[in-house]
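Q: So the chains spell out like this:
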Amino acid sequence: MNLNTEAAKNNTYDAIVVGTGISGGWAAMELTKNNLKTLVLERGRMVKHPEYPTATKDPWQLPYAGQATREDLKQQPKQARTGYTVRQDIKHWFVNDLENPYTEVKRFDWMRGYHVGGRSIMWGRQSYRLGAMDFEANAKDGIAVDWPIRYEDLAPWYDKVEKWIGVSGSKDGIEHLPDGHFLPPMELNCVELDLKGKVKDKFGRPVTIGRTAHATAKLDHSPQRGTCQFRNLCSRGCPYGGYFSSVSSTLPEAEKTGNMTLRPNSIVYELIYDEKKGKATGVKVLDAETGEQTEFYAKVIFLCASTFGSTFIMMNSISNRFPNGFGNDSGELGHNIMDHHLSVGAGASVEGFEDQYYFGRRANGFYIPRYRNMGGDKRDYLRGFGYQGGASRQGWTSLVSELSLGAQLKETVSKPGQWSIGMGGFGEILPYHENKVTLNKELKDKYGLPTLTFDADLRENEYKMRKDMANDAAEMLEAAGYKNVHTFDNKIGVGLGIHEMGTARMGKDPKTSVLNKWNQVHACKNVFVTDGSAMTSSACQNPSLTYMALTARAVDYAVKELNRQNL
Amino acid sequence: MDRREALKRTAWIMGGVISAPALAGILKGCTAKPSINWKPAYLSQEQATLISQVSEIIIPKTDTPGAKEVGVPEFIDLMLKDVYSEEDQKRFMDGLKKFDEDANTEYGDPFIELSADDQAAFVKKVHDEAIATEHSENRPAKRPFILMTKELTLLGFFTSKAGATQVLQYEAVPGAYKGCVPLKEAGNGKTWAT
Chain Z
1 MNLNTEAAKN NTYDAIVVGT GISGGWAAME LTKNNLKTLV LERGRMVKHP
51 EYPTATKDPW QLPYAGQATR EDLKQQPKQA RTGYTVRQDI KHWFVNDLEN
101 PYTEVKRFDW MRGYHVGGRS IMWGRQSYRL GAMDFEANAK DGIAVDWPIR
151 YEDLAPWYDK VEKWIGVSGS KDGIEHLPDG HFLPPMELNC VELDLKGKVK
201 DKFGRPVTIG RTAHATAKLD HSPQRGTCQF RNLCSRGCPY GGYFSSVSST
251 LPEAEKTGNM TLRPNSIVYE LIYDEKKGKA TGVKVLDAET GEQTEFYAKV
301 IFLCASTFGS TFIMMNSISN RFPNGFGNDS GELGHNIMDH HLSVGAGASV
351 EGFEDQYYFG RRANGFYIPR YRNMGGDKRD YLRGFGYQGG ASRQGWTSLV
401 SELSLGAQLK ETVSKPGQWS IGMGGFGEIL PYHENKVTLN KELKDKYGLP
451 TLTFDADLRE NEYKMRKDMA NDAAEMLEAA GYKNVHTFDN KIGVGLGIHE
501 MGTARMGKDP KTSVLNKWNQ VHACKNVFVT DGSAMTSSAC QNPSLTYMAL
551 TARAVDYAVK ELNRQNL
Chain R
1 MDRREALKRT AWIMGGVISA PALAGILKGC TAKPSINWKP AYLSQEQATL
51 ISQVSEIIIP KTDTPGAKEV GVPEFIDLML KDVYSEEDQK RFMDGLKKFD
101 EDANTEYGDP FIELSADDQA AFVKKVHDEA IATEHSENRP AKRPFILMTK
151 ELTLLGFFTS KAGATQVLQY EAVPGAYKGC VPLKEAGNGK TWAT
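Protein chains in written order, with the numbering used here: chain Z, 1 to 567; chain R, 1 to 194.
Just so you know, the hints here were simulated from the structure itself, not pulled from any lab data. One thing to keep in mind: the hints can contain errors.
Under the rule of at most 25 Å between Cα atoms (straight-line distance), these lysine-lysine pairs were calculated in the DSS-like manner [claimed, not checked]:
1. R:Lys178 x Z:Lys57
2. R:Lys125 x Z:Lys57
3. Z:Lys57 x R:Lys190
Remember, it's a predicted structure, so these values are computed and weren't measured experimentally.
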């Protein structure tokens with residue numbers, strides 16, 4: 001009895017954070033800075049900045065010229081679907097699909113990284129605010145449910161997050177893509193500048209440099225982070241701390257407070273619910289290495305385990321009060337899967353600019369903010385898309401299909417090739433109740449835990465939008481006078497954008513949503529969910545900045561509620 | 001004049017006629033068979049020799065190293081073994097066999113025993129035909145043997161240190177990005193390796 005009490009005491013903290021990715025890192029930093037003893041649980045292995053195994057390897061130091069082997073593809077067949085994730089330099093950041101299986105009713109692309117830092121190590125780093133239009137969209141269109149917050153609610157938290165993580169960008173004064181606190185913008189190259197001028201003249205649309213979480217100037221508050229070195233090897237992990245990740249930024253800051261206990265190899269599989277208190281009292285953890293099961297307790301719990309990670313934990317937490325999954329009175333848990341649909345756009349070759357080139361490798365491109373279904377524009381679909389693209393001069397790969405051979409090939413290849421340009425759309429996916437994920441108790445993972453089954457698809461609205469995404473891109477490239485303009489529209493599964501969202505959405509009404517306006521579970525106020533699962537609509541902007549802002553805001557509220565003894 | 005031609009003339013001067021098999025015997029008898037000094041893991045010794053010769057024709061040693069010097073043949077052998085799908089392996093090996101048979105039909109000897117000039121001429125002929133097909137209406141979905149070999153050779157060579165830093169230019173840590181500069185101010189003005 002005494003021993004148990006002692007064990008319980010040793011395993012009790014003020015707060016528990018599940019997950020160490022973009023959201024979990026922020027929750028950990030904010031909770032510990034508010035002097036709360038915080039246990040941070042990560043299902044995967046430990047990763048410490050700046051220890052990234054491949055970060056400084058030159059091309060000739062990677063086996064197979066960096067390409068995936070047949071054996072790699074056997075171990076990671078689903079992770080390989082992007083075409084860029086299973087390579088010799090970054091494959092270790094993506095899960096083994098044989099050990100971590102899932103089921104697809106329709107093709108579903110679920111890219112995961114199980115390690116400290118999560119996908120904040122390999123993320124795309126594009127950082128855009130959602131605008132007023134985005135928070136109002138569902139209400140205006142009568143789609144799904146209304147967001148319980150508006151842009152003004154989140155704006156100060158966007159400020160806070162941008163100042164901390166460092167976002168390089170240019171102030172463009174675009175109402176629906178609000179400016180933020182930016183570090184110096186990266187440069188567009190000659191051809192991109194040419195496109196910018198022509199698209200402005202002929203269509204009135206802005207082309208701007210991508211807003212990206214790279215330190216283009218020193219961040220005084222994060223001495224462990226240097227500035228971006230323009231190596232463009234970001235997904236390996238950056239030993240310079242040139243871009244923001246949990247491992248380079250929020251977790252070291254949390255560590256510094258002395259209030260964080262970080263426990264890797266800790267798979268949270270269930271929330272513990274106390275029927276009498278009407279609260280969650282803790283979590284159940286399976287040790288990934290030893291198989292040992294342990295309970296940890298806290299006053300407040302932040303689920304930041306990624307959209308489907310958090311949703312899995314909630315669906316797997318069954319009690320008398322919550323027979324259909326934790327906090328799932330509405331029946332919406334696991335529904336309304338969103339992502340951004342992409343892999344559609346156009347490319348062209350560009351004549352001229354032969355005496356101009358660039359120096360350095362910019363891990364960024366140009367951005368064309370949404371312009372469809374705004375102002376006077378009205379399409380046969382709802383919402384819209386933004387474009388991301390870039391121009392570059394061709395290198396040796398283009399010579400495989402040219403006549404060049406021998407000494408002449410060596411001569412030809414040493415001169416930069418023709419310029420080419422391409423852009424791809426990132427389109428909003430509507431929150432369809434039918435797009436869902438469910439718990440699969442038949443198929444178990446390596447640890448004997450249930451798995452997930454995905455049943456989600458793009459629908460008519462997205463397919464109509466994709467036509468515009470291809471045609472508009474071609475139209476702009478044609479109008480700019482570029483040659484060999486060609487469109488592309490690849491068949492993709494939902495998930496390929498790696499922007500999964502929506503399965504525990506925020507809303508005003510507990511009958512139709514899982515979380516309230518503070519990311520609190522409607523029916524259990526001491527559990528907060530602040531990853532992508534909270535999203536009520538997807539907008540078309542890359543979402544991570546919004547997850548961070550929601551997390552910082554939710555922690556601030558949780559701390560106030562703890563002080564008011566409401567939790 | 002190559003050695004085959006020299007032998008034929010010698011025969012003529014001697015007033016006799018040397019049969020083709022006899023000629024082949026003389027050729028094989030009086031010269032060491034071309035080979036390689038490493039042990040292939042996927043290809044046979046002869047196949048690896050052929051790939052080694054073809055890759056050096058695609059990227060020869062000039063004032064900078066060529067394919068052989070930077071280990072491209074070994075790289076191709078490894079890529080075939082571990083990276084290529086079974087389907088691509090088969091396509092490559094079938095293509096290699098046909099390439100050698102066609103060389104034999106045209107020159108009367110296996111490819112690896114041809115003179116350097118004949119080898120280069122044959123590679124150029126097969127290569128140029130494949131490029132023409134690639135740019136035609138009948139473009140095949142998958143590249144033929146010669147272009148697979150070219151692709152692997154270029155991949156291996158330009159990701160090698162010499163290829164990336166001597167033929168192209170490479171900056172491990174650029175430290176800055178300049179988007180729009182005159183070519184001559186972009187490093188040494190050569191194509192960036194990455």
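Q: Mind listing which of the numbered hints don't hold for this structure, in increasing order?
A: 2
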